[in-house]
Amino acid sequence: MESINQVLSPETTGTEGAEASLVRSDLQVRSPFPAPAWWENWGKQARGGGGKQGGGTMMSQTKGNPWFISGFLLAIFLLAWHFSTLQPAFDPKELTENQLQVMEFNGDIVRTPDGSYTWNPEKEKVKGIPGPLAVLEKARTELAEAFVIKGTNDHGIAYLVFYTVSRFAGGFLAASIIAVMLGVLLGLNRVLFRAINPYIQILKPISPLAWMPLLLYTVKDPKWTAILVVFMAALWPTLATTAFGVSSLRKEYLHVAAIVQLSWFKRLFKVILPAAAPTIVNGLRISFGSALVAVVPAEMLLGELGVGYLSWIEWNNLDIAGVIFAILVVGVVGVILDSGFNKLAGLVTYQE
Amino acid sequence: MSFLQIDHVTKYFPSPSGDGQVCIFRDATIEIEKGEFVTVIGHSGCGKSTLLNIIAGLETPSEGGVILNGREASGPGLDRMVVFQNFALMPWMTVFENIALAVRSAYPEWSRDQITAHVRKYIALVGLKGAEDKRPVALSGGMKQRVGLARAFSIEPKVLLLDEPFAQIDALTRGVIQEELIQMWNTSRNTVFMVTHDVDEAILLSDRILLMTNGPEAWIAEMVHVTIPRPRSRETVIEHPLYYKIRNHIIHFLVRHAKHGTSDGTSQGQPTDGAPVIVTFEQDALARH
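Same order as they appear, the protein sequences are chains D and H. Counting from 1, one number per residue, gives the positions in the first sequence under the numbering used here. Counting from 1, one number per residue, gives the positions in the second sequence under the numbering used here.
Hints are computed from structural coordinates only; laboratory data are not their basis. Note that the Cβ used here is the ideal one computed from N, Cα and C, for glycine as well. Take the hints with a grain of salt, since some may be wrong.
DMTMM-like, lysine to aspartate or glutamate: derived pairs with alpha carbons at most 20 Å apart [what the hints assert, rightly or not]: (1) D:LYS251 x H:GLU59; (2) D:LYS266 x H:GLU97; (3) D:LYS251 x H:GLU164; (4) D:LYS270 x H:GLU97; (5) H:LYS158 x H:GLU235.
So the derived list for chain D, only partly shown, Cβ under 7 Å to chain H, looks like this [as the list claims (entries may be wrong)]: (6) ILE177; (7) SER247; (8) SER248; (9) GLU252; (10) LEU347; (11) TYR350.
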């Protein structure tokens with residue numbers, strides 16, 4: 001459900017206009033069902049503290065409550081999903097006794113206590129796409145056992161989320177620290193920047209998953225390989241944008257720093273890093289997204305416990321409702337991490 | 001020896017086509033006494049801001065040098081503070097922090113309380129009391145430059161360098177801040193070197209006005225003494241009989257003759273000694289005619 005909502009949120013529609021019109025429509029229209037604050041604020045911080053108005057001309061002035069529209073679209077989607085996946089009840093009228101016996105032998109149908117037949121509920125699971133109610137049922141059972149460890153590879157969903165988040169956080173933080181340090185170094189030294197930039201340009205477009213066999217062979221440990229894949233995914237965007245941001249700092253800031261004779265250390269932490277912070281945060285945001293995308297297939301391929309693994313193991317179990325549940329969990333985890341990131345980003349960016 | 005000497009400063013930039021160099025200005029020689037207010041006027045591109053940056057130590061001269069108080073001034077320092085055209089306030093710092101950044105560096109031995117008191121004093125001086133914790137984005141252009149002036153005056157520099165300080169401020173506010181600058185300067189009496197293209201501003205504020213020819217290969221062609229007595233205010237200065245004499249002279253130079261080099265248009269090049277023509281309007285002379 002969350003992933004569907006995200007599609008409709010202003011952050012993913014991405015245009016300045018969408019946001020502005022959302023804000024403005026909220027000012028003009030007092031709906032009897034006001035949207036909750038978190039809904040309105042969703043993604044507002046995506047461009048560093050938000051608050052940038054204007055540019056609303058791109059989108060037509062829409063009156064109405066976004067909350068209402070979101071709910072409406074979701075309801076339509078769920079109903080369409082539900083009815084398109086309904087299976088008709090088993091009807092033995094057209095079939096001979098012989099055919100019924102074959103079908104029962106194959107396990108397609110089972111005999112009920114009252115002597116008639118129904119579809120085999122076990123086979124039902126893999127027949128077509130499960131409906132929303134089946135997914136809901138799956139979610140309920142999974143969430144009820146969220147903190148249960150049943151076996152080596154069967155941990156509750158809460159553990160899986162924790163593994164994925166910590167794996168993601170480890171790779172992302174390590175990559176961010178190294179990328180920002182290296183980026184500042186390159187941004188301050190034009191010659192070095194021009195010398196290293198070709199390598200960055202070659203390495204940047206390589207899919208982080210392409211590194212996996214080499215990394216696995218080198219570190220010989222799938223746990224660390226998964227973290228390194230996330231690391232590789234998160235490194236390049238931050239590195240490139242940090243170097244760019246630092247190298248294109250407004251000269252006056254450096255002039256002021258030079259006149260008031262700031263030490264090298266103070267110049268870096270009081271002027272250069274804060275001045276480049278909005279650009280660096282933009283790089284981090286791109287890295288964040290690509291690391292989040294990389295962590296799921298890394299878990300699938302390496303068989304490391306996590307939400308990506310959950311999706312794959314449910315596929316191996318041919319439990320499609322489980323696969324859909326896993327997809328939704330990935331979406332929810334992404335949204336939570338992303339909003340946490342935006343909160344942090346809002347602290348360090350400034351408005352000109 | 002003068003307090004601040006700009007000694008035969010010449011600046012070349014690499015030419016845009018990539019081969020060779022372009023001379024921005026040649027043989028700029030200015031002597032400024034302690035406590036004097038000197039202004040350079042010229043068209044855009046004559047290199048006047050570059051000259052100011054050279055004095056500030058933010059750019060290096062291709063030839064010549066700057067001598068402050070008997071010592072060569074190379075590289076930026078706290079003794080030569082710049083007020084920038086686009087304010088150069090750090091947008092991530094509050095008004096207080098912006099000024100404190102400079103004060104802390106200028107007086108490293110001061111305690112936290114001393115610094116706070118000093119910064120607050122200068123914020124009050126520019127009339128921004130109550131705006132200490134605002135960030136530049138919340139300030140108007142005029143308020144931003146008040147912070148810039150407070151920052152510059154707060155470190156009590158030997159030389160104050162004003163780089164078109166009021167160019168980005170609306171005309172009405174500009175006049176107010178000009179008078180505030182006069183007030184502050186009357187108490188501090190720093191040596192000031194200003195760059196502008198506003199003739200009224202130059203006459204109101206300056207002791208001497210240097211006129212630069214058009215670039216490239218610009219030079220300082222004339223030096224006009226502003227003989228209108230101080231204290232001046234925007235209201236009274238335009239009443240003075242010499243005001244329009246000086247103003248017309250400068251505007252004639254800028255409009256008609258900046259290309260040729262002198263206001264009568266006779267000179268066809270820079271004099272070999274590099275010395276500008278000195279123009280002085282005397283009140284007595286005016287009375288005699």
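Here is how each hint holds up against the structure:
{"no.": "1", "hint": "D:LYS251 x H:GLU59", "in the structure": "12 Å, holds"}
{"no.": "2", "hint": "D:LYS266 x H:GLU97", "in the structure": "14 Å, holds"}
{"no.": "3", "hint": "D:LYS251 x H:GLU164", "in the structure": "16 Å, holds"}
{"no.": "4", "hint": "D:LYS270 x H:GLU97", "in the structure": "11 Å, holds"}
{"no.": "5", "hint": "H:LYS158 x H:GLU235", "in the structure": "30 Å, violated"}
{"no.": "6", "hint": "ILE177", "in the structure": "21 Å, violated"}
{"no.": "7", "hint": "SER247", "in the structure": "18 Å, violated"}
{"no.": "8", "hint": "SER248", "in the structure": "15 Å, violated"}
{"no.": "9", "hint": "GLU252", "in the structure": "3 Å, holds"}
{"no.": "10", "hint": "LEU347", "in the structure": "11 Å, violated"}
{"no.": "11", "hint": "TYR350", "in the structure": "4 Å, holds"}
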